[in-house]
Structure formats: structure tokens, C-alpha cells
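S.K.: Sequence:
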Amino acid sequence: MNHPDPDRSLAKNFCEETLGMLDRVEPLVRELVRSGGKQGDAAATLERCFSLAHSLQGSAAFLRYDHLAKVAAAAEQFAAGLRSSSAPVEASHLLLLHDVCTLFRQGIELVRQTGGDDQLAVAAAELAARLLPAEREPTPGPDDDGDLEGFIGQVDGLMQVVERELLLWDLTSVDPGRLAELIDCLEELTALFAHRRYTDLERICRAMANVLRRFHGGEVFQGEYPDKVFLGLVDVLYEGIDAIAAGGDGIILRVEEHLETLQAIMRQPIGELLIRAGLVDPRTVEQALRIQEQARARKKTPKRLGDLLVAMGEVSSEQVDRAIRAGRACPVPSRSGDRQGDRDSDGAVLPVRNGVAAAAGTVAVDREKLQRLLEHLARLEKYRPGMEAPLQELVNGLLRQAEEMATQVR
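Residue numbers (numbering that gives the first Met the number 0): 0 to 409.
To be clear, the hints were calculated from the coordinates, so they are not data collected in a lab.
Since the model is a prediction, treat every value here as computed from it, not as a measurement.
Backbone N, C-alpha and C fix where the C-beta goes; we use that ideal spot for every residue, glycine too.
Check each hint, because a few of them may be wrong.
Said to hold, decoys possible - Pairwise CB distance ranges (calculated): (1) D174 with L131: 25 to 31 Å; (2) V394 with G152: 52 to 58 Å; (3) E108 with R23: 16 to 22 Å.
Please take these sequences and the hints and turn them into a complete structure.
M.R.: What follows is the structure, given as C-alpha cells:
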């Protein structure tokens, strides 16, 4: 005799109950939106919205639909604030409640189709921030006219975490907890810069957080070296922070170019570039993407798409590099370069930090120094069994990154 899966049964009940509540609440919210709050019982509608959010938040959290739970918690607080306020409900508030209902319905449909709400990650984070914008304010943080040294210290502490996680990208990219910490740090930096009106730095941090959130939500970087793009932007941020510490205004030259470079790693997949160049056909790219998905399903880190197509014998490494450079999808490590830093389109030398040029630059690697580094790291092999887990993980990541660098310059 077959017994029903209790988790599936709970999920089914959750979907049915939530849809039933939405069917009762949505028409009331729509009526208020259409009339600008002049028709319908605003107080009763707010009470229903509060009950819906409260019920959904508890059930979604229990079933681990984290993105639905996040929006529900924010909506619950938002509705509670409107209920307790003596001021009339504004049109913008009603539109937000309408957006909440729409997202809940989309989330329930996703749960039914996929068994989870991961695809809601970006939309849920953005809506929660709109519902409770005060949560994005940095706390604690210096006032606009307060202690600049304290502000710089707070920013520097967050930047160190961001830089560390990006340097250990091979580990961070496959660890949801570390990735979430990285996104949180970037969001806190965004709030800090916004608080002091350093607009360029705020935009860069927000863009980095949004792209990483899309990756965290299941989208795939098709660019071959996303970590190089992010580390290049870390250099740009450090330049702006250093300028602020020296009394500057934090304005970043060519900020639009930096943002375009970041967005390109999502907008221009390497598969598209290779198809456009006539080097591979779409079916081959689809086959490679399926292989990547199979690796993820086995909890393994898949080969980058370009490396996979090279391994399949469909293209050469040189062809992949040329396609990336032609499409400007992301910076590509150079086989040769200016040892003092790479040059931008205007001929100016781009600064280098941690061996990575600023966004849209290239990377020069000293073979002899790299070999010595590998030799030093190799000596750690025999000590790994006795290391604590965090240190062992760090050593493993360093070895993988060093080996990858060695492969690129051979």
C-alpha cells in the first residue's frame, strides 16, 4: 500500500489554503487601488492582509520556502504599521499590498511546479526592501557630519569580508551560506554609501549584490571568469574609499563602463558568443549545459562552459578567449601584459590589487613566482589531515585556485 509523502501533503495544503485566502483578499485590495482608497473598507482590508501575511509567513518558514517567508514577514510588519497609523492609507501603500498579493500567487505557482520558491529570490528581496526600507539603513553607522574615521573603519571591515570571499570564489560559489554572507555585506555597503550619498560607490555595490543574488537564485554565470570581474570592481571600490578618506567626493570615473562590464557576465553567455561566431551549434551548447546541470545535481562544481566545450573537442582555448574578448563578456587573463598594470581604452594604466586589474582589464602572471607559490602550497599537503575543518577548507581552495592559474599560463 502506498502512503502519501507527508511533506508533499503539507505543501499541497499550504498552497490550497494560501490560494483560498488570496482569492478573498485580492479583490478587496484591487478595489481600494482602483478607487485610491476612497471605496471599500480600508481597515478591514488591512486586517485581512495582515492575517494573510501572518499565516503565510509561519507556514512558509516551516516548509522552508524562505523567499516567500521573507516577503510575508515584511508584509506583516508593513500591514501592522498601516493598521496602527491614524493617517489615511496612501495609494503607494495600496500598490505595495497589491504587489505582495501578486508575488504570493506567483510563489504558490512555483511551489506547485518546482517544489520550491528559489526562482523568487531576486523579486522577493526587492519587494521586501520596498516594504521595509528602514531595514536597509546601516546600523550602527556614523551620521553624515559624524566621524569619517569611524565610517571608513566600518566600510573597510565589510570590504575585507567581500574581498576574502571573492578571492576564495571556488569555495564561496558552491556554499550558499558564504554566498549569502557576501551578498549581505554588499547590501550593507550599499546602505552605508547611500547614507552618505556616495552615489557611484552605492551603485556599484548594489549592482554586485543584485548579480550575485541572481546567481544565488539559480542563474548561471556563462562568462569564464566572474571572480575576476568582481575583484576588479573591488579595486574600483577601494580607490573610491581611499579618495573619501583623503577628503574626496567618492566619484568613480567611467562608472557606467564598470557597471556594463558587470552586467555583461549575465547578459552575454559564452555559449551565445560562440554560436554567434559560428564556432559551435546550439545543440552542442545545450548538451554542454545539460552536463553542467548533471554535475550540480551530484553536488559537484561543474566545469565552466568554455572549458567544457574545449574538453568536448568542439573549440580550442584560443577560440574561446577570442570570442570572450570580441563579445566583451568579461575580462580574460592575458598571456602577456603590462607588469605595472593593464591599460584601459584611453591608454591609462589600470591599478592592480591582488594581481587582478580593475574591471575590463586583463591579468599578468609571473610564471616563476607562480611556480614557487605552488611549491610552497604543496608542502601543506602532508599537514592537511591534522588541520581543523575551516583551515583545511581554506588550504584546499588555495590549492585549487593556484592550479587553475598554472593551467591558464601553460
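S.K.: Which hints, by number, does the structure contradict?
M.R.: Hint 2 alone not satisfied by this model.
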